[in-house]
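Participant: Listed here are the chains, written in short residue letters.
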Amino acid sequence: MVSPAIVAVALIAWAFSVHLPLVYTVLGLGWLLPTLELIGYRSGRRVYVDVAHGLSSYLIAVYAIGGVFGTIVTVFLAGLLPVFTNIAGVLLWPVWGVAIVFGVAIALPFIGFYNRTFGRVSPMRHIAIGYGMAIALTVIPAMFRLVFAYINYPVGTSITPSSTSNTGFTLSVNVMEALSNPTYPPLLLATIFGAIAMTGILVSSIHGWRYTSSRSEYHEVGHRVGNMVGLTSGVLYSIFAFWYLYTVYQYSPTMAWSIFGHPPSYLPSAFYSVYKPTFTLSWMLYMNIALGLIILALLLISLKVVSRPVEALKLVLTPLLMDSAELMNGLAHMPYAVVPPVSAAEVLIKTYGLDFTLNVAKWLTVSQLLTPEINALLKVVSVEPGLLVGSLVFFAFFNVLLLYVIYAALSWRRTTTAMGV
Amino acid sequence: MPIGYILLPAAWISLLDEARWISAVGVLAHLGLASAFLGTILMAVVAEFLYITRHDETWRDKARMFSVVSTIFFGVGAAFGTLVEFGLVTIWSNFITIIGSAIVLPFYLELFAFLTEVIILPLYVFTWSKIKNAWVHWVIGLAAAFGGYWSAYNILAVMASLSMRPPGLIVQNLASTTGKTVAGLTDYLVTWAKPTDVWNMFWWGANVFIFHGILAAAILTWSVISAIYLYGYLRERRPDQMKVLRVTVPGVAIMTAVEGFILGHEQGELVFQFDPLKLAAIEGLFWKGLKVDPLMSLLVYGTLNHAFWGYYSWPADVRPPLAPFDFLPIFYLGFMVTLGVLLGVWSGGLSLWYLFNGFFSRFNWARAIASFLERTGPYAMPLFAALASIGGAVTAESGRVPFILVKASPDPNGGPPVVSGVPIYSGGLINPTLSLPGWLVALVVIVEVAMPALAVYMVYIYIKHRAVREAQVVEY
Chain F
1 MVSPAIVAVA
11 LIAWAFSVHL
21 PLVYTVLGLG
31 WLLPTLELIG
41 YRSGRRVYVD
51 VAHGLSSYLI
61 AVYAIGGVFG
71 TIVTVFLAGL
81 LPVFTNIAGV
91 LLWPVWGVAI
101 VFGVAIALPF
111 IGFYNRTFGR
121 VSPMRHIAIG
131 YGMAIALTVI
141 PAMFRLVFAY
151 INYPVGTSIT
161 PSSTSNTGFT
171 LSVNVMEALS
181 NPTYPPLLLA
191 TIFGAIAMTG
201 ILVSSIHGWR
211 YTSSRSEYHE
221 VGHRVGNMVG
231 LTSGVLYSIF
241 AFWYLYTVYQ
251 YSPTMAWSIF
261 GHPPSYLPSA
271 FYSVYKPTFT
281 LSWMLYMNIA
291 LGLIILALLL
301 ISLKVVSRPV
311 EALKLVLTPL
321 LMDSAELMNG
331 LAHMPYAVVP
341 PVSAAEVLIK
351 TYGLDFTLNV
361 AKWLTVSQLL
371 TPEINALLKV
381 VSVEPGLLVG
391 SLVFFAFFNV
401 LLLYVIYAAL
411 SWRRTTTAMG
421 V
Chain P
422 MPIGYILLPA
432 AWISLLDEAR
442 WISAVGVLAH
452 LGLASAFLGT
462 ILMAVVAEFL
472 YITRHDETWR
482 DKARMFSVVS
492 TIFFGVGAAF
502 GTLVEFGLVT
512 IWSNFITIIG
522 SAIVLPFYLE
532 LFAFLTEVII
542 LPLYVFTWSK
552 IKNAWVHWVI
562 GLAAAFGGYW
572 SAYNILAVMA
582 SLSMRPPGLI
592 VQNLASTTGK
602 TVAGLTDYLV
612 TWAKPTDVWN
622 MFWWGANVFI
632 FHGILAAAIL
642 TWSVISAIYL
652 YGYLRERRPD
662 QMKVLRVTVP
672 GVAIMTAVEG
682 FILGHEQGEL
692 VFQFDPLKLA
702 AIEGLFWKGL
712 KVDPLMSLLV
722 YGTLNHAFWG
732 YYSWPADVRP
742 PLAPFDFLPI
752 FYLGFMVTLG
762 VLLGVWSGGL
772 SLWYLFNGFF
782 SRFNWARAIA
792 SFLERTGPYA
802 MPLFAALASI
812 GGAVTAESGR
822 VPFILVKASP
832 DPNGGPPVVS
842 GVPIYSGGLI
852 NPTLSLPGWL
862 VALVVIVEVA
872 MPALAVYMVY
882 IYIKHRAVRE
892 AQVVEY
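Chains F and P, in that order, are what the protein sequence lines are.
Numbering of the first sequence is given in the numbering used here, commencing with residue 1 and proceeding in unit increments.
Numbering of the second sequence is given in the numbering used here, commencing with residue 422 and proceeding in unit increments.
Please note that the accuracy of each hint is not assured.
To be verified - Okay, derived cross-link-like pairs now, SDA-like style, lysine to any residue, Cα gap no bigger than 20 Å in a straight line:
1. P:Lys551 - F:Leu403
2. P:Lys601 - F:Thr164
3. P:Lys885 - P:Val862
4. P:Lys601 - F:Ser57
5. P:Lys551 - F:Leu401
6. P:Lys615 - F:Leu401
7. P:Lys885 - F:Asn359
8. P:Lys885 - F:Tyr218
9. P:Lys551 - F:Tyr404
10. P:Lys601 - F:Ser162
11. P:Lys551 - F:Ser57
12. P:Lys615 - F:Val383
13. P:Lys664 - P:Lys551
14. F:Lys304 - F:Pro372
15. P:Lys551 - F:Gly168
16. P:Lys615 - F:Ser382
17. P:Lys601 - F:Pro372
18. P:Lys885 - F:Leu403
19. P:Lys601 - F:Gly168
20. P:Lys551 - F:Glu217
Hints were generated in silico from the structure; no laboratory data involved.
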């Protein structure tokens, strides 16, 4: 029998695995498109603007599908980890609020206006709209990554014993202090440059594939620029990812143990039982490094020769690396949803005693936050397992259908016969 | 003392009001967008069916246009849904625990509906020139529409449970019974008597609520479509406009009749059973104690001498608010009932005129009435439909305040039924750390109003430039 925690984590991981490549693409396109336009207008080469225009029509579709999967993630979190999501909502509501205002209320009109105003406003004004869109889109990961950083290392949190709370304590968070989380800057920077790199490589792969049959300047430019963006941003991503892993090692013992395969040197052996990870994921780290090197090699080859096998490999391996890195980052927290800091554990033991501290640690685990005794979905699935099996079949079907729709979108081309004014 | 009878601190009142305004405007705007999607995708599927069966290119053109329009409303509506969802997380944070512990199933099933919509709808829109077999394309459209209606079905099941506690759902006030709270955030724990009771979210009463809501969505959108085509027909007299009117106007009339005579009546019976306090508030039974109300008695029991508990029979802090200006009866009796009846009159009259024109055009009185209905229809029909929809939504949601998961139990002391549920105020749903400065409330409300306006503007742009923007889809 698979444990409820594994089922929950698997469902959330699946939704994230589809959601993240889509939103990475949205973020990457957000920065790439106005930059392409800027290059085009500065150099006087119309083809750059055409490439940007062609890609912009995909932006809305990817944003919409990515947004739907974001909703799926939220429903899974609310349904499977209700108390955790409730606490996160209460404690970090300004973060969610800012993310949603920028993510929907500001970014969506920007995307729409950017797409609709191609050729209808002055070039520089259109580029300004594009960068406005990019900034609005960047605020979304800026906020969500703060939450990711928080679960690595919950800076700014106060814990108070409570005789009335069923957990035995209450939490409060100073959001301004949470911003000083040392894992936050490298995580955010790695996300931004990783998104731009992934998008650049995907764009170069698609244009490169088409270039092999059409040999048009349009696809040549898309392929070349995509490769250059992928290469430069990929190098920056690697630097920030390395910085991020360093901070994770320093501040998040369970993650460090899971990712590097051994406990961090600063962790007292007395704490080993508390911080031992559920999964040892060092193999994923090595796999990700290997994938990164293969993609680098493919990019270098692609700069010299355009061939369908190389472009196809880039198209598949880049999202794979992105998903693998994100999964490693997410799963490394297990058994915790929020990894308790060593310094906080020491202070809590001194102030409130070992039992209280262990109770806090217990309530930060995924299995405890699932609250299986009151979790309606887990309960009904336990007596009606067909619901879960049926769900998995449906999810598999929709994944295949989604891949087909993406294929269809990429393989069909819109040729504008007349431009409305 | 009824469950949930907690004194409301004065400091919370303004915050609660602000939160309710934000949520109310957001929910109404989302309902507007969702209704527009449901109505237009239905129109697209109906039009394509008529194209296939009648071999009439007019209907293919209409179907294609409505499919794109529905996609615009879906896109903005889905994004707006995310806004509403985060509104729940940030404002009514403790609702999340209730989702997880009790009402998760419709949300879970909603995921599949949402996936159906988001994947199949683009497939429908982008394959107009790709799939040669028209029936196959129509089935794809039908699947996309099914996704939309299934989605509405699930969300309305949740809304139904907020107004009428499903059988088997147990609401415990932990703070008063055990002295404990859930993680120091909420006093209430909501669970099922047994795990499979979660399917009771779709019980008979919930289905009445659900189909009442779904039909209201279709009526609203088809009324607006009718009005737009009627406006154009009065000026241009194009045959294609009349073809659409001969479908949409009778459609509105039939749906309005079903809504009023069947579903509306059943819904009223359920309100009487589950929340007599809401009934008193929306019907304007503003007295204390039991009093005979002949009209209500006739509607509910078919007699003239039955007595009903008045609104003031319950303690002040369990009563839904009436301020400003007794708005609940105005929204219910004034907007929903009266304007709903008028919509039925307008759509019914015009339906008779369009479908049996040969017969009625012989009479001067019929021509005079039809002329009046036609001239006023473009303004009256959408106005009646919109206000009736708003009236219904406000009645359903504000009428149950200050509780969700409402249930009425007999008072053993002979008083009015004890109305209970999870309160929306502190200790119940609201985020205890929330603060809402006035500027933030104003900003959010502006955004909530601006987004549907944006969708309408995008539809306007699409329709205006459709002829010249026609894009071909080719494979290479």
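Participant: All hints are to be evaluated individually against the structure, with a verdict given for each.
Facilitator: Hint check results:
1. P:Lys551 - F:Leu403: holds (18 Å)
2. P:Lys601 - F:Thr164: Holds: Lys601 of chain P and Thr164 of chain F sit about 4 Å apart, inside 20 Å.
3. P:Lys885 - P:Val862: Outside the cut-off at roughly 35 Å; violated.
4. P:Lys601 - F:Ser57: violated (54 Å)
5. P:Lys551 - F:Leu401: holds (17 Å)
6. P:Lys615 - F:Leu401: violated (36 Å)
7. P:Lys885 - F:Asn359: Not OK: Lys885 of chain P and Asn359 of chain F at ~63 Å, beyond 20 Å, violated.
8. P:Lys885 - F:Tyr218: Violated. Lys885 of chain P to Tyr218 of chain F sits at ~31 Å, over the 20 Å cutoff.
9. P:Lys551 - F:Tyr404: holds (14 Å)
10. P:Lys601 - F:Ser162: holds (10 Å)
11. P:Lys551 - F:Ser57: Holds: Lys551 of chain P and Ser57 of chain F sit about 19 Å apart, inside 20 Å.
12. P:Lys615 - F:Val383: holds (10 Å)
13. P:Lys664 - P:Lys551: violated (27 Å)
14. F:Lys304 - F:Pro372: violated (56 Å)
15. P:Lys551 - F:Gly168: violated (62 Å)
16. P:Lys615 - F:Ser382: This hinted pair holds, its Cα atoms lying about 12 Å apart.
17. P:Lys601 - F:Pro372: Distance ~18 Å between Lys601 of chain P and Pro372 of chain F Cα, so the pair holds.
18. P:Lys885 - F:Leu403: violated (33 Å)
19. P:Lys601 - F:Gly168: holds (9 Å)
20. P:Lys551 - F:Glu217: Roughly 28 Å separates the two Cα atoms, so the pair is violated.
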